[in-house]
Every structure is written in structure tokens, then in C-alpha cells.
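Using the sequences and the hints given, assemble the complete structure.
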Amino acid sequence: MGGGCGSFRGACVKILTGNDLKTGDVIWWTGNGWSRHVAEAVDVGEHGEAIAAAEEGARRVNVPYVISAEQGPDGPRPAHIKDRIRALGPTVRPDLSIRPADPNAGNWVI
Amino acid sequence: MYRYDEYDQQIVDTRVEEFRDQVNRRLAGEMTEDQFKPLRLMNGLYLQLHAYMLRVAVPYGVLSSRQMRMLAHVARKYDKGYGHFTTRQNIQYNWIKLADAPDILAELATVQMHAIQTSGNCIRNISSDQYAGAAADEVGDPRPYAELLRQWSTFHPEFTYLPRKFKIAVIGSEDDRAAIQLHDIGLQLRRNEEGTLGFRVYVGGGMGRTPMIAPVIRDFVPVEDYVSYLEACLRVYNRYGRRDNIYKARIKILVHEIGADEYRRQVEEEFLHVKQLGIDPPAAELERIAGFFADPAFEDGLADDVALDDPEFAAWVDQNTHAHKKPGYIIVNISLKPVDGIPGDASAEQIDIVADLAERYSFDEVRVTHAQNLVLPHVKKADLKTLWQQLKAAGLASANLDLVTDIIACPGLDYCSLANARSIPLAQDITRRFADPARQKDLGELKIKISGCINACGHHHAGHIGILGVDRKGEENYQLLLGGSGAEDASLAKIIGPGFTETGVVDALEKAIETYRTLRTPGERFLDTYRRVGIQPFKEAVYG
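Top to bottom, those sequences are chains A and B. Using our numbering, you'd call the opening residue of the first sequence number 1 and step up by one each time. Using our numbering, you'd call the opening residue of the second sequence number 1 and step up by one each time.
None of these hints come from the bench; they were simulated from the model. Since this is a predicted model, take the numbers as computed values, not measurements. Each residue gets a CB set at the ideal place from its N, CA and C atoms; glycine is no exception. No false leads were mixed into what you were given.
In silico DSS-like links for lysine-lysine, alpha-carbon gap of 27 Å or less:
1. 97/B to 37/B
2. 82/A to 80/B
3. 22/A to 80/B
Beyond 10 Å from chain A on every Cβ pair, some chain B residues (computed):
4. 64
5. 151
6. 218
7. 220
8. 222
9. 296
10. 313
11. 317
12. 318
13. 352
14. 386
15. 392
16. 489
17. 514
18. 517
19. 529
Written out as C-alpha cells, the structure is:
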């Protein structure tokens with residue numbers, strides 16, 4: 001593991017994401033299933049590709065891929081802004097985000 | 001407007017059921033994503049950042065009230081209560097579930113709509129002038145010709161797998177409101193010296209990674225030959241367009257590489273052959289199609305003046321209306337660009353309201369513009385104030401058409417999986433910065449266009465001021481471009497210098513605009529001043 005992801009200093013972890021096949025929802029691998037909340041994503045280490053292949057084969061996820069994330073006290077924060085927007089929702093429609101009641105949710109993205 | 005015959009309807013209905021079966025097979029695991037992806041894309045279904053996205057075709061930007069109500073219904077029932085009108089005059093829904101997609105397409109088919117050929121390397125939805133059939137400056141109505149091209153290009157067996165996607169725009173005026181010189185093929189309806197109706201044909205324009213203005217390939221093609229001529233244009237492209245490099249596959253690259261003269265020579269040679277095949281429809285068929293676009297029942301002898309006693313109403317009339325060909329009528333633009341709004345977004349309620357207003361005041365017709373606004377094409381001047389009051393109540397009366405806050409913006413990184421940076425927040429920042437109506441009016445026509453990546457869905461190359469979002473080491477960065485135009489005076493904007501942060505680019509844009517204000521002569525638009533003085537004064541103001 002590197003010392004950080006992007007401009008942050010926390011431990012860099014690998015997490016697995018994709019979209020729900022039926023709904024298209026953004027989902028994150030929790031170790032024993034999928035969650036819509038990136039905070040529940042776990043470090044897959046070097047096993048991401050194997051998990052992705054098995055889960056995609058079982059049609060529990062669509063187009064899975066492994067990303068780098070910063071491990072923080074509230075869970076992983078994806079290294080790239082694109083994945084942070086995927087995790088939260090469009091920054092211009094906080095009402096449609098995964099945390100609509102949190103007025104500071106947008107700060108987590110930027 | 002055009003109405004499907006039994007064959008049109010059967011084609012669309014059959015396609016829906018075919019897609020339903022494909023979706024079922026995908027959900028049952030009988031197809032992998034690699035196998036399914038081209039099939040869903042052929043039906044307008046993308047997988048974007050947050051969900052599936054459905055792009056619904058609006059042929060040449062024309063909608064009836066019934067169709068608008070269906071669009072609102074889809075937004076309400078299957079999406080999150082809104083839709084996004086695009087720079088291709090289409091509408092996109094951002095939160096579609098795969099299992100719902102066939103039902104949505106089935107519902108759309110009941111109002112003669114579909115999502116066929118809104119993706120893929122085929123001829124896409126034909127776009128046109130939003131004022132078609134209404135504008136006072138029109139030589140002829142481009143819609144029947146666009147409709148015929150729609151029929152010709154739908155499921156065309158030879159042009160289903162072109163080297164790359166293909167976009168055609170058709171206009172009928174000298175004023176270009178459809179950016180035809182920035183299309184793969186642009187057609188301008190005109191009369192030659194003998195008074196015969198035909199098309200000036202531009203081929204090889206486009207934006208994206210390699211922006212180009214299309215050269216004129218034929219100055220005049222009689223209308224009875226234009227389908228054959230386009231067939232020849234496409235055949236030459238299909239034969240020689242590059243398939244080994246996606247970045248060099250558009251027709252603009254072919255025309256540029258072999259030169260307009262050589263491309264023209266080959267097209268003319270092919271045309272001589274194609275013309276023998278008899279693919280141009282008989283005049284009676286074009287007349288039949290034109291019959292669908294006959295003028296509505298305009299009243300004669302109507303008063304041609306509007307009482308402008310209310311200053312707010314007067315400002316809106318001055319900015320958002322356009323001359324109609326029929327005395328007593330006027331074309332109304334409905335801006336989807338309120339301050340702090342999302343360009344092109346409309347709620348289901350707003351779409352329903354526009355449908356109602358179109359039914360009541362505009363002979364049941366709505367148009368979508370490539371600038372992501374809506375148009376009521378045939379409004380009686382006597383109804384104008386009442387209409388305005390109802391638009392205002394619905395938050396649809398922003399008096400900013402073609403002003404600094406009437407910004408084109410692609411969905412950007414907030415929605416799009418191809419984007420490198422967000423576009424919408426920038427547009428919102430700019431509208432807040434220039435919210436003062438008096439300041440907007442003082443600045444005059446100023447077209448700002450923002451793209452979140454090099455693919456240029458936000459037409460940044462054609463902006464008087466363009467902004468391009470890029471990824472710089474994982475951070476959003478924005479390049480400022482000046483001097484573009486998508487109108488009849490088409491030009492490509494140039495990058496002014498090193499990029500900026502989000503706040504930085506809005507500051508830079510404001511400095512460029514203030515430079516214009518300082519340097520302009522009476523009557524000059526931003527673009528005119530830029531063309532007169534060049535980029536240097538703007539550069540000095542922005543970076544000095």
C-alpha cells in the first residue's frame with residue numbers, strides 16, 4: 001500500500017465498486033455483499049479482480065472495477081472525484097444524493 | 001407535425017418488444033454485458049455515473065403537447081421527476097432502471113416517440129431550426145426534408161455501422177440557428193438564381209477532439225436529388241472513413257485528410273451512380289410529407305402590436321421573442337436557464353405546464369432548441385401577456401435568451417461517465433455572478449458554452465466564450481476559450497492560455513467580459529470586439 005491517495009495522507013486502500021444490474025444504482029463491496037454506501041466498502045487488497053469476476057458472473061453487479069481510496073474514520077473516500085460523485089450523487093442536486101439530509105455532504109466530494 | 005403511418009408504428013412497436021426480450025435475457029444471465037451493451041445503446045440506453053440514462057429522440061426538435069405530457073409522465077413515473085433537454089434537441093433521463101426501460105419505450109411508442117439511433121455509429125436524430133415553419137426569414141420549411149431524412153436514415157442497412165456517429169442538421173434560413181457548419185453534414189435550404197429550391201451542402205464539420213468548420217461540398221443540390229446526394233456523401237465516408245482509430249473516424253477527418261476538392265470529386269462520381277438507383281422519392285411523396293407540416297389555422301387581420309406597459313413584460317418580449325412570418329403572431333422562447341438553475345433541466349410539472357400552454361396558445365406545438373431551451377412557435381400577440389404571466393408563475397420566464405446567463409452546459413461530471421470535470425456548477429456560478437438583468441442586457445448577445453470533456457457536448461468550441469473542463473492530476477481544471485460561433489458566421493474558439501480552478505475560471509471570464517466592455521464600440525457584441533481586436537488584450541487582462 002502506498003502512503004496516501006491523491007493529495008490525502010491516510011492509508012490507501014483498494015475498494016470495489018460497480019452498478020446494480022437491474023437498477024443501475026452505484027454499489028460498493030462490503031465483504032459479504034453490496035451496499036449503496038461507500039462508508040461500508042472494505043479493503044479488497046489484491047482480491048478485487050477475482051471478487052469482481054465472481055460477482056459479475058452471478059449478476060449481482062454490473063461493470064465492476066477496483067479503485068483506490070483513502071481510509072478515514074468515516075470509511076473510505078475514493079481517490080478520484082469521479083468516484084466520489086458516484087458515491088454521493090450529483091453535486092448540483094443534493095436532494096437526490098445518498099445523504100440528502102446532510103448539508104455538508106458536498107464538501108466530502110470536493 | 002408528422003404522424004406515423006401503420007408501418008412506422010409497427011416498426012417502433014416491434015422494436016420495443018425485441019428490446020424487452022433482450023433486457024429479459026440480460027437479466028436472466030443469457031447475455032453478458034459485452035453482448036448486451038451494443039443492443040441497449042441502439043435503444044438509447046447508456047450506463048452513466050449514477051444509473052442507466054435513456055436518451056429519447058425528438059425528431060428535429062418538434063413535439064406535440066401530447067408528447068410533452070408523455071415526457072413529463074416518464075419523468076414522474078420512472079425517473080426522479082425531471083428531464084434534461086440536450087444540445088441535440090433530445091431529452092435525457094438520468095435515473096432509469098434497466099427493468100423499466102422496455103415499459104418506458106412502450107409508453108413512448110404510444111405517442112410516436114422512441115430512442116432508436118440516439119447512440120451508436122449510425123445517423124443520429126436529425127436536428128433543425130427551432131423556428132422552422134414559423135420564422136419570418138425562412139426560404140422554406142426544413143421540417144419535411146428533415147423528416148424524409150429521418151425515414152431514409154432509420155435502420156438504413158448500409159449506414160448502421162459507420163466508422164463513427166453521424167449528425168445531420170437542416171435549416172431553411174440564412175440565419176443559422178442549428179450550427180449546421182459544425183455538423184457532419186449541414187443542409188441549408190435556399191433558392192438558386194432561377195428560383196429553384198435546393199440545398200447548400202456542408203460536409204465535414206464538427207466539434208469534439210478535433211473541431212472543424214465544414215466546407216461547402218456542393219453549393220446547390222436540387223431538392224429532388226438531395227437524398228441521393230446524401231447517400232453518395234455517406235457512401236464515400238463509409239468506404240474511406242477510418243475504422244482503426246476512433247479519434248480519426250469522423251467524416252471531418254476524412255474530408256480534411258483528402259481535401260474538400262477530392263472528397264467532392266468522389267461524391268460527385270458516386271452521385272452519378274446513386275442517382276440511377278431511383279432512391280429519391282417521387283415529388284408526390286415529399287408533398288405528402290410536407291402536408292403534415294402545413295401551417296396551422298392562423299387567423300387573418302390580427303393586431304400586430306403588443307402593449308408593453310409593464311417593464312418586466314417588455315424586457316421579456318424584447319429578449320425572448322422572435323418575428324413570426326404571419327402578422328399578429330410571434331415566436332416565444334422559454335428559457336430553461338434561470339439564475340442558479342441547471343441548464344436544460346425541466347421538472348415534470350414544468351414540462352406539463354409547457355404542454356398545456358402550447359395547447360392553449362401555440363397550436364399544440366413545442367420545439368426544443370440546441371441551446372437547451374424550449375419554443376412555442378406560433379403565439380398570437382394578443383395572448384402574449386397572459387402567456388408570460390403563466391410562464392412567470394411556473395418559473396419559466398427568465399428574460400435572458402442569448403445573454404450571458406443563457407449558458408449551454410453538458411451534464412458534465414455530475415452525471416456523465418466520460419466527463420473530466422463538472423460543467424453545471426460553473427454555469428450556476430456564472431449566472432449568480434451576472435444575475436443583474438441590467439448588467440446582462442448591457443453586455444448584449446454573449447454565448448457561453450461549457451463542456452466537461454473534450455467530446456464537446458457543451459459546444460465550447462462554438463461559444464463566444466467557451467469553457468472546457470479537463471482532468472489535471474485528478475483535479476478539475478478549466479480552460480477558457482474565446483471567439484467561437486455556431487451561427488452563420490461560424491468560427492472556432494481559441495484557448496486563451498493556461499487553465500484555472502473553478503473559481504479562477506469564473507474570475508477570468510469576468511475579466512474577459514470587462515475587457516470587452518472597455519474596448520467595445522457602439523453596437524458591437526463580445527464576438528465582434530474579439531474579432532476586431534484579437535486575443536491579446538483579453539490575454540493581458542486575464543493573466544496580467
